[in-house]
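Model the placement of chain B with the ligand on the given structure of chain A, informed by the hints.
Heads up: the sequence lines are chains A and B, in that order.
All residue numbers for the first sequence refer to the UniProt record's numbering, where the first residue is 1 and numbers rise by one.
All residue numbers for the second sequence refer to the UniProt record's numbering, where the first residue is 1 and numbers rise by one.
There may be inaccurate statements among the hints.
Unchecked claim - Derived pair list, reagent style DMTMM-like, types lysine to aspartate or glutamate, alpha-carbon separation capped at 20 Å:
1) B:94 to A:379
2) A:387 to B:214
3) B:370 to B:455
4) B:145 to A:347
5) B:241 to B:214
6) B:94 to A:347
7) B:94 to B:121
8) B:212 to B:383
9) B:370 to B:386
10) A:387 to B:111
Claimed, not checked - Pulled from the structure, derived: some chain B residues nowhere near chain A, Cβ distances all over 12 Å:
11) 10
12) 41
13) 121
14) 145
15) 185
16) 237
17) 279
18) 304
19) 305
20) 320
21) 331
22) 350
23) 409
24) 424
25) 464
Quick caveat, the hints were computed from the structure, so don't treat them as lab data.
Glycine included, each C-beta is placed from N, C-alpha and C at the ideal position.
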Amino acid sequence: MTTDLTRATAAELADLLGAGTVSSREVTQALLDRTAAVDGAVHSYLHVDGEGALGQATEVDRRRAAGESLHHLAGVPVAVKDVLATRGLPTTCGSRILEGWVPPYDATLVTRLREAGMPILGKTNMDEFAMGSSTEHSAFGPSHNPWDLDRIPGGSGGGSSSVVASFQAPLAIGTDTGGSIRQPAAVTGTVGAKPTYGGVSRYGLVALASSLDQAGPCSRTVLDSALLHAVIAGHDPMDSTSIDAPVPAVVEAARRADVSGMRIGIVKELTGEGFQPGVQARFEEAVQHLVDGGAEVVEVSCPSFTYALAAYYLILPSEASSNLAKFDAMRYGLRVSPEGVDAPSAEQVMAATRDAGFGDEVKRRIILGTYALSSGYYDAYYGSAQKVRRLIANDFAAAFERADVLVSPTAPTTAFRLGDKLDDPMAMYLNDIATIPANLAGIPGLSVPSGLADEDGLPAGFQVLAPAMADDRLYAVGAALEARLTAAWGGPLLDRAPDLTEVAR
Amino acid sequence: MSTATEPVLGFDEALATYDPVMGLEVHVELGTETKMFCGCPTAFGAEPNTQTCPVCLGLPGALPVVNEKAVESAIRIGLALNCSIAPWCRFARKNYFYPDMPKNFQTSQYDEPIAFEGYLDVELDDGSTYRVEIERAHMEEDTGKSLHVGGSTGRIHGATHSLVDYNRAGIPLVEIVTKPMLGAGERAPEVAKAYVATLRDLLKALEVSDVKMEQGSMRCDVNLSLMPKGSAVLGTRTETKNVNSLRSVERAVRYEIGRHAAVLSGGGSITQETRHWHEDTGITTSGRPKSDADDYRYFPEPDLVPVAPAAETVEALRATLPEPPAERRRRLQTTWGYSDLEMRDVMNAGLLELVEETVAAGASPAAARKWWSGEIARRANTEGEDVVTYAERLGVTPAHVVELEGLVTAGRLNDSMARQAWEGVLDGEGTPTAVADARGLELVQDTGALEAAVDAVIAANPDVADKIRDGKVQAVGALIGQVMREMKGQADAGAARTIILERLGQA
Ligand SMILES: [Zn+2]
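Only chain A is shown next, with the shape it has when bound in the complex (with noise of 0.2 Å):
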């Protein structure tokens, strides 16, 4: 067989090793091989731990050889993004104030992850504790867009959606805040999928806004991203917001990828103005594709959309604050002393540390944050935030009594130019406006390529919105959308990416 093992899918490697045809370490070397010729370049990794992974590949075709049942997706690699605790692996954030920390404990997926016999490649590349469009924050410099190493991969999980984009890896783990895996997906033409507030556990996951935070699998087709959320989802009793309930089929519904007789609603508010013509235009066609296979389409209205991004920079600011207090400089991470002066206090160590430790976008929202929670502006502000999270709500139980599912474009636009955004935080903010209230209110999404804008050649994002624990709907739909558009395509889109190896010589 002559299969380039970097391109094949998870569902491909599984059943190669399944048959024995392939080992984990063949893969698990090839992909390494992959991510040093290429990594370079589009530098989707903060910490590679190929030994690790090699012995974790090893033990797996050992454990394969001696004839034990193992998980379907044993042996294949996985790439983690760094916002969780991996035990005796650096884990930063893209931060400096947690350069060199090592988690003394497994985050509950991880540790999933290995019961699967999944071999951990590394730990990836991402804005600066998942604040950020773009992975321009991170603290270690930005990670680039296999299409375009000009461009950014998304954010903040540029580095799990350009090592899935790259061929460094078939399958990633991201963490969606605001769009962090979603929007990331769309500009890399990737998979992406947000699961329900609570079906993936946050135990270990390095908190940026705790009730909007969720991790979620990152991959180069949809029923890569179903067999990956089976992996890590289910109920852990180290999180006591986590879902104590089956967790939906959702390897069934990719594998079935239909949609006939289900309901589709547009969301008015996410299509339209305000979104790049070449993407609106590949989402258009992404619908009448879903037409053809027998879905029906209705248009539904969610007015509350509107103070979406506003209520969200309100709330995440305000639990981030709270959340990096931690970061104090005295227990772990860096610890920078004032200069100039003699014997300094804890207050004043604290401080040096965080100025050179936090980033300006870090630092900007603690303000912000600090601000909303503050006495005197509590209502005004992080009150109000929650009304309208609850009028969001409000507005997609009623859309959901109308539609199946909801869709929009992923995001307004392909992916911008590094630096381009970098200066306009609110011109930033704006990329998340259509990911955004699925965070608010809980509910799971999922971001399929549409295909490539007009205008600039780059993939563009297709959302499919669920109502929440009804995850298996997005993998229906966003399969039989992946069949029918890459029969269109006449092959993968991610095929048309240049050759990276070119380019990094």
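Quick look at chain B with the ligand alone, frame taken from chain A:
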């Protein structure tokens, strides 16, 4: 830190002009096996940082999960304090920077406490009852503990470095907050002490905490302000933190009344601040100013789901409440036949349990009260300990009292011998029998010797003997006394009396 004594007005003088208003906040460490939000053990006195995990160390990514047992304890406390129990409430984050606090926020309850609007009736020394209204009882977690090394005082100033022990971080606490107590007047210090004592007894009866004030598992903050007599406007208050004994609660209230009064009478104004209580000198000193700038930026803890105890659960917990201490006290008083004064003495000395155990072990209520409230109470007081702790330390048990009473009833010891035997027990000489044996304490049972002594005493006191012969029987006491002296105390006074009266024809 300044420990200079500030002017204090005399207590009576202060109360002639002002009415004190008190609010007490009592923190109780719950005696759960594990911490509030993780599975770490809560045992006291373990090696520093051996009872920690990512959760209670606040490591990045770790999440809290509420301890169900702690919630149950909090609900039972609320019920025992006649509070309403919230059908739905949340934890909040109290954000502030503190080196002992791993997350730099404390997970607590803010505007949604688990229990609210209750009361506790407190009995005072004169037998009257004061009703303390409870504002709320809420759940929170304790912080860690700093140790400042290298200085002479153990305080942070002068220390070369500080060490932090997180074993205590995350231990479940319930904070019980009273409403402002008005109208206690001169009895304010007594009310404060009686409230904390009553609360301590109640919490002990609930078996939710070991309520050891000296180990910090029960701590009291005293809020106090003064109102000019006839005014209805509350004055500025101060908060005296971490008052650690019943006696100190009373003293701290008394001291702050005098201090506030001196400041106000001198035309000054009270600064709203926290104050430190100094056990040794009996004064408070200025701590951190407390102002509107104290902004904890409370918001609902997003990492925890709300606490929503079902009505049936609450009722089931209500059924587990022990007999309220006040009712229990009345019941025991009736059973034991104590006078009000005797009962109050027993209560004030904290002897209720010990007397109860002793009676259960077979002693008469009278003997139990007599032996525990006598010499041992005096000694314990000198040592500055309560009787229970003192007795525990000496290894003196209810069984000793039972044995002592048995020796008296059997006629081996008279009252004064029994006292000597008890002193021997307290001196560590062994059981009452062992002491009596060692010290040769034994009533003389030989009637021949007794009769001889009686005859000798009658012969030596003819005038007294005549009086008795004439019917003045009450004079017999003088002769008994002399017989006892003759017998070196080892005679049975009852037997001596019988023989004297026989001899003098009055039997
Ligand atoms: Zn712990």
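Status of each hint after checking the structure:
no.: 1; hint: B:94 to A:379; result: 16 Å, holds
no.: 2; hint: A:387 to B:214; result: 47 Å, violated
no.: 3; hint: B:370 to B:455; result: 35 Å, violated
no.: 4; hint: B:145 to A:347; result: 18 Å, holds
no.: 5; hint: B:241 to B:214; result: 14 Å, holds
no.: 6; hint: B:94 to A:347; result: 19 Å, holds
no.: 7; hint: B:94 to B:121; result: 32 Å, violated
no.: 8; hint: B:212 to B:383; result: 18 Å, holds
no.: 9; hint: B:370 to B:386; result: 16 Å, holds
no.: 10; hint: A:387 to B:111; result: 18 Å, holds
no.: 11; hint: 10; result: 40 Å, holds
no.: 12; hint: 41; result: 17 Å, holds
no.: 13; hint: 121; result: 36 Å, holds
no.: 14; hint: 145; result: 14 Å, holds
no.: 15; hint: 185; result: 35 Å, holds
no.: 16; hint: 237; result: 19 Å, holds
no.: 17; hint: 279; result: 28 Å, holds
no.: 18; hint: 304; result: 5 Å, violated
no.: 19; hint: 305; result: 5 Å, violated
no.: 20; hint: 320; result: 25 Å, holds
no.: 21; hint: 331; result: 43 Å, holds
no.: 22; hint: 350; result: 41 Å, holds
no.: 23; hint: 409; result: 61 Å, holds
no.: 24; hint: 424; result: 56 Å, holds
no.: 25; hint: 464; result: 85 Å, holds
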